[in-house]
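Protein chains in written order, with our numbering: chain G, 4 to 133; chain X, 373 to 760.
Read the hints as simulated data drawn from the structure, not as lab findings.
Accuracy of the hints is not assured; some may be wrong.
What the hints assert, rightly or not - As a list, the in silico DSSO-like pairs of lysine-lysine whose alpha-carbon atoms are at most 27 Å apart: (1) G:Lys108 to X:Lys531; (2) X:Lys677 to G:Lys102; (3) G:Lys108 to G:Lys83; (4) G:Lys83 to X:Lys531; (5) X:Lys694 to X:Lys682.
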Amino acid sequence: MTVARFWRHLPQRYNMVGTKCETCGRHFFPPRTFCPDCRRAGKIVEHKFKGEGTVVTFTVIHTAAEQYSMLTPYVLAIVKLEEGPQITTQIVMDPAKAKIGMKVKSVFRKIATDGESGIIHYGTKFVPVE
Amino acid sequence: MRDVAVIGIGCTKFGEKWESSFRDIFVEAGALALADAGLSGEQIDAMYVGNMSAGRFIGQEHIGALIADYAGMTGKHIPSTRVEAACASGGLAFRQAVIAVASGMEDIVVAAGVEKMTDVGSDESTDTLTGAADREWEGFMGATFPGLYAMIANDYIHKYGMTREQLAQVAVKNHYNGARNPIAQFQSEISLDTVTKSTMVAEPLRLFDCSPVTDGAAAVIVAPLERAKEFTDTPIKVLATAQASDTIALHDRRDISTLDATVAAGQRAFKMAHLTTKDIDMVEVHDCFSIAEICAIEDLGFCKKGTAGKFTADGETALGGKIPVNTSGGLKACGHPVGATGIKQVCEIVQQLRGTAGKRQVDGAKIGMTHNVGGTGATVAVHILGRV
Ligand SMILES: [Zn+2]
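Extracted from the complex, chain G is given alone in its bound form:
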């Protein structure tokens, strides 16, 4: 991934900044600039997410793309955020203990590296809430 392509998403990836529609109250992460429910009547504003949620489903990845292969086996999950939207993320934990319905919260982590000399990508992962 190029630096510019990554940089465009920094606020979202680092701080979980998404959007919400003030017309209907629906939240979006990743951010959307167009509300699918209200369409042109929707008023979209920035929203910082609390970063708390519940695991809807998950898998343990054993065979990954090259950039992620040093992480295997890792837990990949769909998390439903408290504000409503669902996101795909990694849960940093013992894969054997992963469960549907688990409560999780966001943490700032390294995501991947573009080869030996490429840029290092940081972003949001999740950890179980004890």
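Chain G is fixed; fit chain X with the ligand onto it per the hints.
Chain X with the ligand only, in chain G's frame:
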């Protein structure tokens, strides 16, 4: 709208075709389809080519022109258009060809699909296929294609309690069918143990739950039904063409283990053909992973949500069962050259309806269906074909 018929089909053998180039394989499929319809190239009015990612797999774009050129059709300067919708590219190419003929705009149209996937290593093909999902918000977080379908599988198992053995029966059945298909990549039967003890890819999906990386091409020729008898004694009528879209990311779906685009496309197709599931003699569904076939037969309405595991284990989807599913061997055993799959599905149904499917023939087949999915369900194409 005019009625449309398939008048010719052609398909290469699917597999790791290291000795053949991208051009070689689509020319082979196209020539087979022309010969099957008894046509010469000059009679072709237009082409639609399904291809997901030649740019990534072989570094070549501009596939519409390339194919027309190497198929020897530049003399007439026919319109040739590439159609892309990830793994549903072939199904959509077929739909575009059908629409072109139905509208009256064109008469004799080729719908082809082609993918050459083994010219890159497995890391690169895994990464390329991730482009069928949401690259920025799924791929970036370490999601792979098997990983996304594995999350569908775990959601499904959590809700409906399907067993590991029931899921494995999808692959066992499709390999049984593939062993009876001369073009299939894998032509050997496998046991339940082969699936449940194979290498773990993304829990609960193992290597034998996953379709392979494949090279292959397929082509079909469509024409107005009223002209079809000029070319063939057994034209196969297109009874319905339907397409639907959904969110690109799996996490945005209403229900993780229901593909709403399959539900919508299926309903539209049945409505257009004035038919129900009971009228369908066999169906080719998109089994890129074993769980995908389980979801597909439920979402199309062949069995109730949550029951497809038992339905499959009971043999209802096998040859001779209530609704034979993936008589070709499916993506799992026949192979999955992504852009070609949707066209290969049409070729299989046409063979079944002509009564030329050999050892995998469904007795007295009159009406068949195809179901082609792009990504994790962001695009779905469904077609219904029938004997005239
Ligand atoms: Zn709104």
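Tested hints:
no.: 1; hint: G:Lys108 to X:Lys531; result: holds (24 Å)
no.: 2; hint: X:Lys677 to G:Lys102; result: holds (23 Å)
no.: 3; hint: G:Lys108 to G:Lys83; result: holds (11 Å)
no.: 4; hint: G:Lys83 to X:Lys531; result: holds (17 Å)
no.: 5; hint: X:Lys694 to X:Lys682; result: holds (13 Å)
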